[in-house]
Amino acid sequence: LTRAVSTIRDADLASELTELTKNQILVQAGAAMVGQSNLTPQSVLTLL
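Sequential numbering from 107 applies to the sequence shown in the working numbering.
By construction, these hints were calculated from the structure, which means they are not laboratory data. Hints are not guaranteed to be accurate.
Claimed, not checked - The calculated label-pair distances, taken between Cβ atoms and stated as ranges, are:
(1) 116 <-> 149: 48 to 54 Å
(2) 139 <-> 111: 39 to 45 Å
(3) 112 <-> 152: 58 to 64 Å
(4) 148 <-> 115: 46 to 52 Å
(5) 145 <-> 107: 56 to 62 Å
(6) 120 <-> 144: 35 to 41 Å
(7) 136 <-> 115: 28 to 34 Å
(8) 124 <-> 144: 27 to 33 Å
(9) 109 <-> 149: 27 to 33 Å
(10) 138 <-> 115: 30 to 36 Å
(11) 142 <-> 108: 47 to 53 Å
Note that beta-carbon positions come from the ideal geometry of N, C-alpha and C, so glycine has one too.
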């Protein structure tokens with residue numbers, strides 16, 4: 107029984123770490139997109 111509980115906890119931990127990593131990547135991608143969207147109007151003004 108102890109081994110089964112340990113296996114379930116390990117699986118849950120792995121799943122949660124995977125979800126955390128995915129969400130961190132999404133946050134970084136979102137931040138990069140916001141940064142790019144802020145640069146675009148400035149670039150247009152520079153060209154004008």
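For each hint, the structure was consulted:
| no. | hint | result |
| --- | --- | --- |
| 1 | 116 <-> 149: 48 to 54 Å | holds (49 Å) |
| 2 | 139 <-> 111: 39 to 45 Å | holds (42 Å) |
| 3 | 112 <-> 152: 58 to 64 Å | holds (59 Å) |
| 4 | 148 <-> 115: 46 to 52 Å | holds (50 Å) |
| 5 | 145 <-> 107: 56 to 62 Å | holds (57 Å) |
| 6 | 120 <-> 144: 35 to 41 Å | holds (37 Å) |
| 7 | 136 <-> 115: 28 to 34 Å | holds (31 Å) |
| 8 | 124 <-> 144: 27 to 33 Å | holds (31 Å) |
| 9 | 109 <-> 149: 27 to 33 Å | violated (59 Å) |
| 10 | 138 <-> 115: 30 to 36 Å | holds (35 Å) |
| 11 | 142 <-> 108: 47 to 53 Å | holds (51 Å) |
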